[in-house]
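Trainee: Start from the sequences, fold in the hints, and give me the full structure.
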Amino acid sequence: MNQPEIRSEDKRHKLIAVILLLLISINLLIDYFEAYSKDGSYYLSESLLFSSYWLLFLPFLNLQRVLISGSFGIKKIILITISSAFLHILLYPAVIQVISFFFYDVTYKYAGTLEFGIRAYLIKTVIIYGLSAVLFVLFTRKQGSAARDKEESAGNESVYPETLLADEPGNKKTAVPVSEIIYITSFTPYVNIFTESKKYLYPETLKSAESKLDKKRFIRIHKSHIISLDKVKSYRSRLNGDYDLTMSDGTVLRLSRNYAQEFKSSFEAANRLASK
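Just so you know, we're using this note's numbering here: the sequence shown kicks off at 110 and counts up by one.
Everything labelled a hint here was simulated from the structure, so no lab data went into it.
No experiment lies behind these values; they were computed from the predicted model shown.
Just so it is clear, CB atoms sit at the ideal spot from N, CA and C, and this is done for glycine as well.
Errors might be hidden in some of the hints.
As the list claims (entries may be wrong) - Cut-off 27 Å, straight-line C-alpha distance, at most; resulting in silico cross-link-like pairs (DSS-like, lysine-lysine):
hint, residue 1, residue 2
1, 251, 123
2, 308, 282
3, 251, 185
4, 316, 332
5, 332, 321
6, 184, 233
7, 233, 147
8, 307, 342
9, 325, 373
10, 282, 324
11, 325, 342
12, 282, 307
13, 307, 325
14, 325, 308
15, 308, 342
16, 324, 307
17, 321, 342
18, 321, 307
19, 373, 342
20, 218, 233
21, 281, 321
22, 332, 342
23, 233, 123
24, 373, 321
25, 281, 316
26, 332, 373
27, 321, 282
28, 316, 282
29, 307, 281
30, 324, 373
31, 324, 308
What the hints assert, rightly or not - Ranges between beta-carbon positions, derived for each pair:
hint, residue 1, residue 2, range
32, 178, 373, 43 to 49 Å
33, 152, 184, 41 to 47 Å
34, 283, 124, 55 to 61 Å
35, 124, 216, 33 to 39 Å
36, 371, 184, 44 to 50 Å
37, 248, 164, 19 to 25 Å
38, 164, 216, 16 to 22 Å
39, 248, 308, 53 to 59 Å
40, 358, 249, 49 to 55 Å
Mentor: Below is the structure:
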């Protein structure tokens, strides 16, 4: 688990703890006002003991989250939710009995406390675990979606090679760095790669070269030309729908009207040099 996930987990635990403390405080106030309205006696220690019902949510909610994580089958989620509520209600009177046996003058029996717990808390318990199940599923799906997007993004970045293998005289093979490519042209039966210093013969088709290049960096401007957006110096309209592109090495290439809109959108979105 990385640092952001740990911090996120800590925040969730703190939030749950704050909510539970708030609910315990409310429970104590309710007990007090009920005793006051009935002219009865109010014992803080007894009220705190029975408020331990809320503290049991800490382990059970965490267990429910772990069990639900990564599983979206509706039957399993319902089973986990009902089981969490059921175990909570069953454990509550046992906790009361054990604590009261060791620390109180009166030991509260399991059966009587269980009846009280079912009467006072059953509906609340089912509702809370039901809502928490929905939230856990939504959160887990969001995390899973974010993880998949991150993996896909990382995968997309690694798809494109850093070099293209080109031919030179003497049957020599050369790895041409993609970062140095200005443009690639096709004049049947040849495909040429142009850099600032040299021209290379590419032994595959223009379409093959295009498939290996990052679409955010390289774009087709003509059926016979692919250019690097990083190497475009400027472009000028021919007033007939076509454009002239001036590349970083001074070469002027024709931008066909069929590719003009896509080029301008990519060029301007990438915050390239201002057009002329």
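Trainee: A separate judgement is required for each hint: does it hold in the structure or not?
Mentor: Checked hints:
1. 251 to 123: Between residue 251 and residue 123 the Cα gap is close to 21 Å, so the pair holds against 27 Å.
2. 308 to 282: Judged against 27 Å, a Cα distance of about 13 Å means the pair holds.
3. 251 to 185: The given pair, whose Cα atoms are some 19 Å apart, holds under the 27 Å limit.
4. 316 to 332: 10 Å, holds
5. 332 to 321: At roughly 17 Å apart (the allowed maximum being 27 Å), residue 321 and residue 332 satisfy the hint.
6. 184 to 233: It holds: about 21 Å lies between the C-alpha atoms, which stays within 27 Å.
7. 233 to 147: 24 Å, holds
8. 307 to 342: Status holds; Cα separation ~19 Å.
9. 325 to 373: Cα-Cα ~13 Å, so holds.
10. 282 to 324: 25 Å, holds
11. 325 to 342: 17 Å, holds
12. 282 to 307: Holds - the C-alpha atoms of residue 307 and residue 282 are around 14 Å apart, at most 27 Å.
13. 307 to 325: The hint holds at about 24 Å.
14. 325 to 308: Answer holds: residue 325 to residue 308 is near 23 Å, not above 27 Å.
15. 308 to 342: 19 Å, holds
16. 324 to 307: Satisfied, since the Cα-Cα distance of roughly 23 Å is no more than 27 Å.
17. 321 to 342: Roughly 24 Å between the alpha carbons, so the hint for residue 321 and residue 342 holds.
18. 321 to 307: 20 Å, holds
19. 373 to 342: Cα-Cα ~13 Å, so holds.
20. 218 to 233: Roughly 22 Å separates the two Cα atoms, so the pair holds.
21. 281 to 321: Satisfied, since the Cα-Cα distance of roughly 21 Å is no more than 27 Å.
22. 332 to 342: Within the cut-off at roughly 21 Å; holds.
23. 233 to 123: OK: residue 233 and residue 123 at ~22 Å, within 27 Å.
24. 373 to 321: 22 Å, holds
25. 281 to 316: 23 Å, holds
26. 332 to 373: At roughly 17 Å apart (the allowed maximum being 27 Å), residue 373 and residue 332 satisfy the hint.
27. 321 to 282: Cα-Cα ~18 Å, so holds.
28. 316 to 282: Holds: residue 316 and residue 282 sit about 20 Å apart, inside 27 Å.
29. 307 to 281: 15 Å, holds
30. 324 to 373: 14 Å, holds
31. 324 to 308: The given pair, whose Cα atoms are some 22 Å apart, holds under the 27 Å limit.
32. 178 to 373: 43 to 49 Å: Cβ of residue 178 to Cβ of residue 373: about 46 Å, so the range 43 to 49 Å holds.
33. 152 to 184: 41 to 47 Å: Holds - the Cβ-Cβ distance for residue 152 and residue 184, about 44 Å, lies within 41 to 47 Å.
34. 283 to 124: 55 to 61 Å: 59 Å, holds
35. 124 to 216: 33 to 39 Å: 35 Å, holds
36. 371 to 184: 44 to 50 Å: 49 Å, holds
37. 248 to 164: 19 to 25 Å: 23 Å, holds
38. 164 to 216: 16 to 22 Å: 20 Å, holds
39. 248 to 308: 53 to 59 Å: Once the Cβ atoms are compared, 55 Å apart, the range 53 to 59 Å for residue 308 and residue 248 holds.
40. 358 to 249: 49 to 55 Å: Cβ of residue 358 to Cβ of residue 249: about 52 Å, so the range 49 to 55 Å holds.
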